[in-house]
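Peer 1: So the chains spell out like this:
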Amino acid sequence: MQSTDLDNKITGRRRVVQKSLEYACYSAVTLTAILMIIFFATLGYRGIGAFTQTKIEVDVVEVQSTSKKSINEAMYRLVKEPDRSTKKGLRQLVTPNAYSTIDITEAGTYVLVAHTNVDMYVKGVYDKLTDSQREVVDILISAGKIYRTWNWSFWTNSDSRSPEIAGIWGAMVGTFYTIGLALIFAFPIGVGCATYMEEFPKKRNSWTYDFMEININNLAAVPSIVYGLLGLAVFIQFFGMPRSASLVGGLTLGILTLPTIVIACRTALRTVPQSVRDASNGLGASRLQTTIYQVLPAALPGIITGTIIGIARAIGESAPLLMIGMVAFILTAPTGILDPATSLPVQIYLWADSPERGFAEKTSAAILILLLILVTLNLLAIWLRKRFEIKWK
Amino acid sequence: MEIETRNTLTLTKSQKIEVRNLNIWYGDAHAIKDASLKIRKNNVTALIGPSGCGKSTFLRALNRMNDFIDDCVTKGSVGIDGTDIYRTQYTNVNNLRKSVGMVFQKPNPFPKSIYDNVAYGPQLHRMHESKAHLDEIVKRSLQKANLWDEVKNRLTSEAFSLSGGQQQRLCIARTLAVEPQVVLLDEPCSALDPISTNAIEQLILELKKSYTIVMVTHNMQQAKRISDTTAYFHLGEIVEVGATKKIFGNPNHRSTRAYVSGEFG
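Chains as they are written, first to last, in the working numbering: chain C, 1 to 393; chain R, 1 to 265.
Think of the hints as simulated: they come from the structure by calculation, not from any bench. Each hint should be verified, as a subset may be incorrect.
What the hints assert, rightly or not - Derived lysine-lysine pairs resembling PhoX-like cross-links, with alpha carbons at most 20 Å apart:
no., chain 1, residue 1, chain 2, residue 2
1, C, K391, R, K208
2, R, K38, R, K152
3, R, K112, C, K391
4, R, K106, R, K131
5, C, K69, C, K80
6, C, K87, C, K69
7, C, K386, R, K224
Said to hold, decoys possible - Computed footprint of chain C on chain R; a stretch qualifies when at least three of its residues, placed anywhere within it, have a C-beta under 8 Å from a C-beta of chain C:
no., stretch
8, 61-75
9, 174-187
As the list claims (entries may be wrong) - If we take Cβ atoms under 10 Å as the criterion, some of the chain C residues that face chain R in the derived model are:
no., residue
10, R84
11, T86
12, T130
13, D131
14, S275
15, S280
16, G282
17, L296
18, G325
19, T332
None of these values were measured; they are calculated from a predicted model. C-beta atoms are modelled at their ideal positions from N, C-alpha and C, and glycine is treated no differently.
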């Protein structure tokens, strides 16, 4: 009897083709991973500085008429009999915003935020200090009067002209409002549209159905800046909504997300087997009841996953927001949907465009945070799908 | 005379369903050709025939499930208790499907708990007065389907956790929960093992005491074991109808004899 040799290895040309394909796939994956690591490492290396802040301790001996004068006088004491230019240099060791944020009423030691030049010098990024400034700073560093701390103000402040106190809070709130509105706007319409197209196809070859089908597929491929133009023309020009408001941003991003949600939702509805619809209809449920009670709940994990991925795309979107004026310089976080606002990607764009070197690390840090949000959302989508997906038998 | 009776289908007391001159097309394909059949109350009527002969289409016509198929056209009349379900456009199709329930070829429970599967129908039609009443309906339906003893301790577990035979009995319980008068079974045992099949067959014999049962089956032994009347379909036509003993013992038609003796199928 002839026996089958199962241990016999695949040889010859077949093996070469199989192996080379295998290695091509491996190397593609490895290359992607390496590029991702380089990307994150660069961002991390450049952005890590933004999470710490340089503080300067100022000993106020006599209180002057204003905080500004008190601080300036305290700074002049650091050098014996300073001349005019030295005085100017000493004044500029402290952030110019310190005067308005602190109220000095009695003598003592005050901790102030150092000027961006000091900050950069301490972090070793670059040295733009004058000789007299550097001398004083070196002395203060060795005396422990200038030191780095965790930068809370990066999380709690909004944008500023001075890089040392600029933060992302305002942009985060703006993103939150915009994306929340986009979700409220796009989710019901998207799910409704997909449900109509999948569950109520009365006449599949009617021109309305074809029209919708073509529209949805084309909308998904439209460049995002075009949505910005649409938002500008329709919401601001025609409906007269306020410029730079998160309301307009939300509606615009909602339209942008709509095709993604519709396509994901249709796919999810198609995975629900026909037998479920038959079972429900066979019990005397109307088409609508079947859809609401059986088909939509069964498709929900897929719908939510698709929506999260659509929303993740919208979070990273900046081009349409530029068109509708959300590229504004906003000093305080918006308190409502009609307030001027900006969003995280637009904030990154603004900072990347700034001439001050101090904004470079803020830009990298903000990109890191944005990427972290996106990764979290995508992980959430994967988890939801794994957790709630129905295994049809 | 013929025209008059078309509008008021008169049935004798023992008849439940009367199908008259039923024609069904899928697009251009003529699936059912001029089929007429009378179905008796509290009887098991088996529809047999080779694949693609239109048995399932015929069965689905009895509760208008074919309406969901886009290019399906139905002509003719199906009278249930004397009412033509196709003639009046005002027929409440949902109520029709409630009183003519259907069990499908593959067990198709909803992806929910056992309890929710059975409770879904009564909830749809608001048949229950209270939560306790709904519990009672669920219990009674599961008992009728001989499933209660097996699942009474795990009503909240997933329906998919049941075996295939249990799932099919759950689907029968779900159908019974909305109190139908007619139960249509579309090859209910084709996906089941012999033991589960036996359980379902015993169940059908019990159910025929209170319901009118029409079933499609590929298994001729099964038709022989449990049906009272058998209709033999061939190429969309009803070739022969008669008592099961007659069809399997001494059929009139050559084609029927060939099929039941296993010459083709």
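Peer 1: List, from low to high, the hint numbers that the structure doesn't satisfy.
Peer 2: 1, 2, 4, 7, 10, 11, 12, 13, 17, 18, 19
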